[in-house]
Amino acid sequence: MNNKANSGITLKSTQEDHLIAWLAALAIAIHIIESVLPSPLPGVKPGLANVITIAVFIRFGWRAAVWVSMLRVLVGSILIGTFLSPTFMLSFSGAVATLIVLWLASQLPGRGFGPIGLCLLAAMAHMFGQFYTAYLLFIPHEGLFKLLPLLMTAAVIFGIISGIIVRSMMHHLEKGTDGITPSQRNVQEE
Amino acid sequence: MTRADYLIVLFAALLLPYLYVSQWSSSEVGTTAAIMNGDKTIAVSLAHDHTLTIDGALGPTIIKIEAGKIRFATSPCLGKQCIHSGWLQQTGEFAACLPNRISVAVLGDAPRFDSINF
Numbered sequence: 001m002n003n004k005a006n007s008g009i010t011l012k013s014t015q016e017d018h019l020i021a022w023l024a025a026l027a028i029a030i031h032i033i034e035s036v037l038p039s040p041l042p043g044v045k046p047g048l049a050n051v052i053t054i055a056v057f058i059r060f061g062w063r064a065a066v067w068v069s070m071l072r073v074l075v076g077s078i079l080i081g082t083f084l085s086p087t088f089m090l091s092f093s094g095a096v097a098t099l100i101v102l103w104l105a106s107q108l109p110g111r112g113f114g115p116i117g118l119c120l121l122a123a124m125a126h127m128f129g130q131f132y133t134a135y136l137l138f139i140p141h142e143g144l145f146k147l148l149p150l151l152m153t154a155a156v157i158f159g160i161i162s163g164i165i166v167r168s169m170m171h172h173l174e175k176g177t178d179g180i181t182p183s184q185r186n187v188q189e190e
Numbered sequence: 001m002t003r004a005d006y007l008i009v010l011f012a013a014l015l016l017p018y019l020y021v022s023q024w025s026s027s028e029v030g031t032t033a034a035i036m037n038g039d040k041t042i043a044v045s046l047a048h049d050h051t052l053t054i055d056g057a058l059g060p061t062i063i064k065i066e067a068g069k070i071r072f073a074t075s076p077c078l079g080k081q082c083i084h085s086g087w088l089q090q091t092g093e094f095a096a097c098l099p100n101r102i103s104v105a106v107l108g109d110a111p112r113f114d115s116i117n118f
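Chains as they are written, first to last, in the numbering used here: chain A, 1 to 190; chain B, 1 to 118.
This is chain A alone, in the form it adopts within the complex (with noise of 0.2 Å):
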């Protein structure tokens, strides 16, 4: 986004578009390097990167949430050179399908989930969503199913390390800068 300024035109750019910017740059810059990561079975990640989506879901609301991710997966897939090949496919209908449980949740009454049930809850609905669409698409086979079991253990091992993590972030976020992060700061300095 910071390339507006370079174009001539000025576009107004709201606060939000920053903070959203920066956070989905930051997402990507995860999604990258976890994509150089190896794995013992496709399908399984650490996901680190929707660290970023719930952290981002919880702070700021499901509206930034669905810009950062599909921001992620969409810029991710370019800079890796899977734009629109089954890799994408995979990570788009797995941020789809986050993103279809995370709206649910932000509609519970009360207090809701906690980081670690939002990562576990996103992780599960990451899988599935992956699961089914590897199966419609690609490997319309019964034998896939053998493999659910595996993949649903990674996905809530790995939901649970990312809710930890998402957990001692908020915590840290709300310890310093009277909640401000250094996105926000940026543009006030502006």
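None of these hints come from the bench; they were simulated from the model. For every residue, glycine included, the Cβ atom is placed at its ideal position computed from N, Cα and C. A portion of the hints provided could be inaccurate.
If you anchor each label on the Cβ, the simulated ranges turn out as follows [as the list claims (entries may be wrong)]:
hint, chain 1, residue 1, chain 2, residue 2, range
1, A, Ile139, B, Ala47, 28 to 34 Å
2, B, Leu15, A, Ile164, 18 to 24 Å
3, B, Met1, A, Tyr135, 29 to 35 Å
4, B, Gln90, A, Ile33, 46 to 52 Å
5, B, Ala34, A, Ser39, 44 to 50 Å
Start from chain A and add chain B according to the hints.
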């Protein structure tokens, strides 16, 4: 952790065993059964409910087929182990009546190993 958090953790804890059991238990429902009477073997379909009477070495054995399952119903033998084997349905399940020299094996599309040694 909120109450909803505990609920979703509980849900995951129940979902995983369910997935392992439902996806990994090799339950192949059989389609036919082979009934061996001495040296003769007859194949029967499990698709239709019916009752067979087979004359073995000791006397008549009645074999019942019902809802895709097969069992020994009556047997002239003393031990009645064949009857105690109950309903057979999965591919590879087997019941035998040695005194009357009759045995029943459930067969499916994919033959399954009955035992593996290393």
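Hint-by-hint comparison with the structure:
Under the hint 28 to 34 Å, the C-beta atoms of isoleucine 139 of chain A and alanine 47 of chain B, about 31 Å apart, fit the expected range. Separation of leucine 15 of chain B from isoleucine 164 of chain A is about 20 Å and conforms to the stated range, judged on CB atoms against 18 to 24 Å. The beta-carbon spacing between methionine 1 of chain B and tyrosine 135 of chain A, approximately 33 Å, falls within the hinted interval of 29 to 35 Å. At roughly 48 Å, the beta-carbon separation of glutamine 90 of chain B and isoleucine 33 of chain A lies within the given 46 to 52 Å, and the hint holds.
The hinted range of 44 to 50 Å is satisfied by alanine 34 of chain B and serine 39 of chain A, whose Cβ atoms lie roughly 45 Å apart.
Checked against the numbered hints given earlier, this structure breaks none of them.
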